[in-house]
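Keeping their order, the protein sequence lines are chains A and B.
So the first sequence is residues 1 to 354, counted in this note's numbering.
So the second sequence is residues 1001 to 1290, counted in this note's numbering.
Keep in mind the hints are simulated off the structure, nothing from the lab.
Any given hint might turn out to be false.
[What the hints assert, rightly or not] Partner residues are not named here, just some residues of chain B that face chain A (Cβ under 10 Å, in silico):
#	residue
1	Gly1013
2	Val1014
3	Asn1015
4	Met1017
5	Arg1023
6	Tyr1043
7	Ala1045
8	Ile1125
9	Val1153
10	Leu1158
11	Gly1160
12	Met1163
13	Asp1165
14	Asn1188
15	Leu1228
16	Ala1229
Idealized CB from N, CA, C, for every residue including glycine.
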Amino acid sequence: MGLSHQSIINMQPDVQLVAVCDSTRFVLDMLEKYTGVRVYNNLSKMLQSEDLDAVIIATPSKFHGPMVRECLEHNLHVFCEKPYCLDVTEGERLAELAKQKGLVNQVGYHYRFVGAFQEVKRLLDIGAIGDVAHIKAEAYGPVVLRPSGSSWRNQRSEGGGCLYDYAAHPLNLVNWYFGMPESVGGTVMNKIFSADSEDEIYATLRFGSGLSGQLSVNWSDESYRRMTTKISISGTRGRIYADRQECQVYLRDGGNLPDGYLSGWNVRYTTELTPEVWAYVRGEEYSAQLDYFVQRIKAKEMDNINSFTSALQTDRLMRMLIDDSEREPIAASGDYQPLAKGNSSWWQRLTNAS
Amino acid sequence: MDKVLFGDNQFFGVNHMSEEKARAQSMRFRDTQAMIDVLDMAYEAGIKTFMCTTHERIGEVCDYFRKHADRYPDYRFYPGMPYAHKYANAVTDHGIVGAIKRFLPNDGLMDAVVRGGSAVAKKEIDGIATLLIDAEMKMFEGLSTPVIFLQNVVTDFLLGLGMKDAFRVFADHVKTRYNAEPGFFSMNMPRLLDVLEEVGVENPIICSNINKIGFRMCGGVDLYQQILAQRQFRPVAMSVLASGAIPPREAIEYVCQLPKIESIVFGASSRGNIRQTKALIDEFMAVRQD
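Bound-form chain A, shown alone (with noise of 0.2 Å):
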């Protein structure tokens, strides 16, 4: 991930790349010699030697910490990919370091710069389909799809798994449309091929207010080209389904209509709903989270979207569906009994009551 940032990065018009820091030899010869950027093994060595204004972090995630932490003591602005902070208790740390120091804080929720997942967010915020009752959020898409040897991307210990790095987008979503659900439960994580963490993942999120979630997510979908995003939300007045490439909305009849939409199924495209990139490398919304942190390091200001603040959020959600995910269930043996009478389920109710 660290070289897609680097290409997009160095072609920001705003920006000169002064050095690149990797574990990787081979990787540090090349663009040395191909790109004249100079080059580091050690972050505490660059960090002394150059003289830096941000930095972007995109390393394995147990790294984020102890990296996020050395350089806002630098006095750098930081980016770091997602998720943020593996330990939630030293992520609200670097982040109360961040506030303090002033320094500009984003973490690559890059979803969050997708047009359709925008027009999400404005719907929601206009009230356009009612009070929301519940929202599906999912991903899919083809990674680990056989046993094979393990790299830091699919062992939990060092922050991978699908977990971390598939379910952590939907998740962040659910965040930015609904705040911190109040409680999760029936977490299943699964493992299909990799030894030592989850493929599959699915919980259900419990607002106040009536609102829920259920979260599905599979890194283990070869029927998916590529990492496919997608949330689906229904409300009183209409029902939101919006995925990277469109967002269809059907709304019912009567009320306040969104501007330029209309009672029944709608549709707006990404084609549409994406502001120009200076520069594409891999997707518009990659371009557009960079760009936005350099303008936010150059306009001072701190408030701004995926902060460490808004993406400890989400560090604190996963934690809370490991945590769920580790209790005992109900089982399904003899000695059950069902709930006492009072907090009798709904078909106990129905059958009494016949």
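Given chain A, work out where chain B should sit, using these hints.
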């Protein structure tokens, strides 16, 4: 180059607007014969160049055209390499060096062993790149490939990094080994043109999005128009309909009146759409000023 080139996005579930449509296309073209049927429709409409990725299923299309060469005497392929997903996945699984090694030919050719082994050790871009190009070109053996393209995923990535020499290496190898013209896909045409000129790739073929609404045209419509008017290169227009956002007649009329446009590439799956698009391009290309 022909004025009309036939693209292959529709065969592989690539659709910039709708996942549903992309999936429906994947289902329709899961059988290689379905792809060939559409290529036949295009051929009947007078489109004799297939601009395709190096997706492994294109290998099966190549087999067909080799076998029936007599039926398509003037058929040409414009390969666009690489099909990037396989490399991206390999890098994730095996790291960069591991991934390069995996894609280098392992058929025991002395040439490959010498070029590949020492190139990886010495970190020389020439040896590694040329071997990867040869590996991608294998499926086209015996077919006509007068222009060979580098896909935008790679072009724009290298452009961003500033690995300018790689473009020179690609151009030289394509010319000497395949007697072909080098072409480059890019979403950043103005910037790419500067760099290609800088490294001495003269009058380059650049295939970029060119459409009325500026979809994926970095630098903007005005800059593209200015460059088309003033600079020396051979532009090929893709995404002229901006994935369907612009009505065909309006879209094609706009692109055809721009200076220098040599070819337009489009993909379609039905006889009606193929004929209609081809007819529109013929109509508006015929009344060009230059």
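Hint check:
1. At a threshold of 10 Å, the smallest CB-CB gap from Gly1013 (chain B) to chain A is about 6 Å, leaving the interface hint in force.
2. Satisfaction of the interface hint for Val1014 (chain B) is found here, the shortest Cβ-Cβ separation to chain A being roughly 8 Å, below the 10 Å cut-off.
3. With its C-beta approaching chain A no nearer than about 7 Å, Asn1015 (chain B) sits inside the 10 Å limit, and its interface hint holds.
4. Nearest Cβ of chain A to the Cβ of Met1017 (chain B): about 5 Å, under the 10 Å cut. The hint holds.
5. A least Cβ separation of about 9 Å between Arg1023 (chain B) and chain A falls short of the 10 Å threshold, and the interface hint therefore holds.
6. Using the Cβ-Cβ criterion of 10 Å, the hint placing Tyr1043 (chain B) at the interface with chain A is not satisfied: the shortest such distance is roughly 27 Å.
7. Nearest Cβ of chain A to the Cβ of Ala1045 (chain B): about 26 Å, over the 10 Å cut. The hint is violated.
8. Among the interface hints, the one on Ile1125 (chain B) holds; its C-beta lies about 6 Å from the nearest C-beta in chain A, closer than the 10 Å criterion.
9. Among the interface hints, the one on Val1153 (chain B) holds; its C-beta lies about 7 Å from the nearest C-beta in chain A, closer than the 10 Å criterion.
10. A distance limit of 10 Å between C-beta atoms decides the matter here; for Leu1158 (chain B) the minimum to chain A is near 8 Å, and the interface restraint holds.
11. For Gly1160 (chain B), the interface hint holds, since its Cβ comes within 10 Å of a Cβ in chain A; the closest pair sits about 3 Å apart.
12. Below 10 Å, beta-carbon pairs count as interface contacts, and Met1163 (chain B) has one with chain A at about 5 Å; its hint therefore holds.
13. Hint on Asp1165 (chain B) holds. Least Cβ distance to chain A is approximately 6 Å, under the 10 Å limit.
14. Nearest Cβ of chain A to the Cβ of Asn1188 (chain B): about 5 Å, under the 10 Å cut. The hint holds.
15. Contact between Leu1228 (chain B) and chain A, as hinted, is not supported at the beta carbon level, the nearest pair being about 18 Å apart and thus beyond 10 Å.
16. Interface hint status for Ala1229 (chain B): violated, as the beta-carbon distance to the closest one in chain A is roughly 20 Å, over 10 Å.
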